[in-house]
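Chemist: Read off the chains here:
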Amino acid sequence: MNRLTFLLCVSAALQGQSLAIRAESLYTAAGPVIQDGVVLIQDGKVSAVGRAADVKVPSGLTVKRAKVAVPGLVDGRSTVGLSGLLNQSHDQDQLEGSAPLQPELRAMDAYNGRDPLVSYVRSLGVTTLHTGHGPGALISGQTFVIKTDTTEVTHGVLKPQAMVAATLGDGARAREAGKAPGTRAKQIAMLRAELVAAQEYARKQKEAEKGKEPPRDLRKEALVQVLRKELPLLATAHRAQDILSLLRLAKEFDLDIVLDGASEAYLVLDALKAAKVSVILHPTMARAFGEMENLSLETAARLQAAGIPFAFQSGFEGYVPKTRVVLWEGALATANGLSFEDTLRALTLGPARLLGIADRVGSLEKGKDGDVALFDGDPFEYTTHCVGTVINGVLVSEGEETRGATH
Amino acid sequence: MNRRLPALAQALSLSISMSMAFLPLQAQDKPQAFIGAHIIPIEGPDIERGVLVVQGGKILAVGGPGTAIPEGAVRHDAAGKVIMPGLIDTHSHIGSPEGADSTAPIQPEVRVSDSLNLRSASVMKARAGGITSVNVMPGSGHLLSGQTMYLKLREGQTVDALAMEKRPDGSYLGGMKMANGTNSRHATGPFPGTRAKSAALVREQFLKAQDYQRKLKEAGDDPKKRPARDLGMEALVEVLEGKRVVHHHTHRHDDILTVLRLQKEFGFKVVLHHVSDAWMVADEIAKSGMGASIITIDSPGGKLETKDARMTNGAALEKAGVLVGFHTDDPITDSRWFIRSGALAVRAGMSRKGALEGLTLSGAKLLDLQNRIGSLKPGKDADFLVLSADPLSIYAHVEETWVEGAKVFDRADPKQRLYAVGGPGASHDTDDLSHLLALEAEETYQ
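In order, the protein sequence lines correspond to chains A and B.
With UniProt numbering, letter number 383 in the first sequence gets 383, and the count goes up by one each step, no holes.
With UniProt numbering, letter number 3 in the second sequence gets 3, and the count goes up by one each step, no holes.
Looking at chain A on its own, in the form it has when it is part of the complex:
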């Protein structure tokens, strides 16, 4: 294949296809529900949204009908693609245990788009994943953002570097005696030292004469990106005390942070609001043990009421189930005080904004990617189904998988 043919093939794939979706109830996440609505997707992008009576569908275009259509779901924080279905050492790449601080590890270098869990969550309406290194180390590595129809990372990547993942509290404690960090105070001390070292590194690079710069250090470069607010620090913290430690650290170094997990967020709502921090909330059905023992099904509703931006996530699971499903985590929150529309937003536009990809995905608006999830009823009801998932105008799943293994 010559270079030109190759480029032509790639651009065809990138363009996507054309499709019209007509839904009895169309939720765009950008305005009120449209009864008997149509989303027109041309060349992979939304070209029109409105009432069926007002949107002219070009003749010959396939019209896919559904009871309910919503924007493709954006999973706020996942490890799918890195923590595989089999849960054997060969398919677990979400955590490197050799050192407590490894911000240079990139998600793209570990992502397996062919893991059965990717197509499984896609079949339940998830079109975009914020995935990558998991919690479990002081800094475990980076995350990235990818579409779920992508088997190889050569395309479909919305953000090759999204955030740098950190963990505070018990989750980041060294597992061996005599290794650091052994305490909470040591964790913050190590982060502080590392950030100071990165500041020094950046200064030396800047001040050095041309050709005499110190040798490149990828670990420090990743933290320099954090210091420059090019990458937010995505910090997992559950206890109120750890959340407050994080806020102090962010203030000290003027960092852009996103709080992950946040089981006890409801205890420190004012502090979160004052710090203008966004939250990627723990899965609603996460197990209430250890540092998460005080989690509440009503935290999502309380964050909403406090005006704190937040998104749902499937999170990391070390055992069974190997991943949670963001649709079901949102559903339980909507049964516990969060309105239908606010729940839908925290599964679509909310995470898209938080991830800085709202120009591409998260709502059904003209010019955005043609990513849609179709349901045969209320998407949050247990007994309805996701009957189709559309990415860039292509129907990529035609119903829920009831298992993840492919045979």
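Just so you know, these hints were derived from the structure itself, not from any lab.
A hint or two may mislead.
[Said to hold, decoys possible] Only pairs whose alpha carbons sit at most 20 Å apart, straight line, appear in this in silico SDA-like list of lysine to any residue:
#	chain 1	residue 1	chain 2	residue 2
1	B	K415	A	N336
2	B	K415	A	G337
3	B	K81	A	N336
Fit chain B to the supplied structure of chain A, relying on the hints for placement.
Modeler: Frame of chain A; chain B shown alone:
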């Protein structure tokens, strides 16, 4: 710290007054009528604007709007609510159960009842999830990890208070936990290293038990001829005689068939638990006549042996004609989401009827308790739920859980609501959460 002391004392007196309120006598002396609910009796068709009458811990009557309400009955307005039988969790680990230790793969004399902490928050959460009866089991790391215990989640915090039934010899009603496949295989010490060795060890024990049973029979009433008492063998004889149901953890299709072969060989009663590959061998399970207790999990994977598990297991087993109940395997799934098991099974093709029975009557049948629990029928235990909406709906809350005519969970009570929605202290193993609630109210951390 001083500030907390009065709160503690206050909570103590509060919990005393609460336990007075829960004295079962008061609730059971007078008949109680629940009027106007949509009643799902499980046995028989649903009833609109139904009436449920209970007294003395039992169901007196279930019927339509014209049902006679005894004079002097306490009337509860249940209009707009849904009433159904209490849920039966056929496999759970609430109350921090422990069974056999690492000294042997088969320990039938070990009783889970000697390990339970029934003050655990997990028990309150189960009540909040609408579970009224539960089979609490030791784990699956042994071929046979001990005797299970059937609990009734009455008000109370001791094994005696919560025992489904105390048997004449002082032991409690329960089954026997067994397992095969990878969990019970260790290749260290006395544990089996392979599947064939696992079956061989089980077979050897049951042959011993048969021998013990024969000696007992031959001795008849003559105490001098009886073999020396062996508590483990006595328990296995109960299994051989069908008085103690085997609850068998098993995942892979071939392991499921191994259980069925052993069942046929020794004639015990068995319930197949988890059965991840059930959809592959549903017909074989149906032919055996044995029942299954299944779990619904949000995603596949996480445990190699279960990689082929399907959400369609309930539908496949139902179609084959197998008796299907559900379980939480709490903490694998939280007791508070147990009701969701039925809904997800329906999502994957099971009938509504089969799923609702699976949460109630089928579970009762799997535990041999269908004469006491599992449906709203006169004469059965007054174990029921007041729900805010249809049980298969995400929007339904368990508003009240009643066991034997006494309310054991009330979502309207903030202290109990905490166990349903979580929050500060919801997972502590203590009853006193007031100081933690006070902390939340003051937002002291800020």
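Chemist: Could you run down the list of hints and mark each one as holding or not?
Modeler: Hints versus structure:
no.: 1; hint: K415/B / N336/A; in the structure: holds (17 Å)
no.: 2; hint: K415/B / G337/A; in the structure: holds (18 Å)
no.: 3; hint: K81/B / N336/A; in the structure: holds (18 Å)
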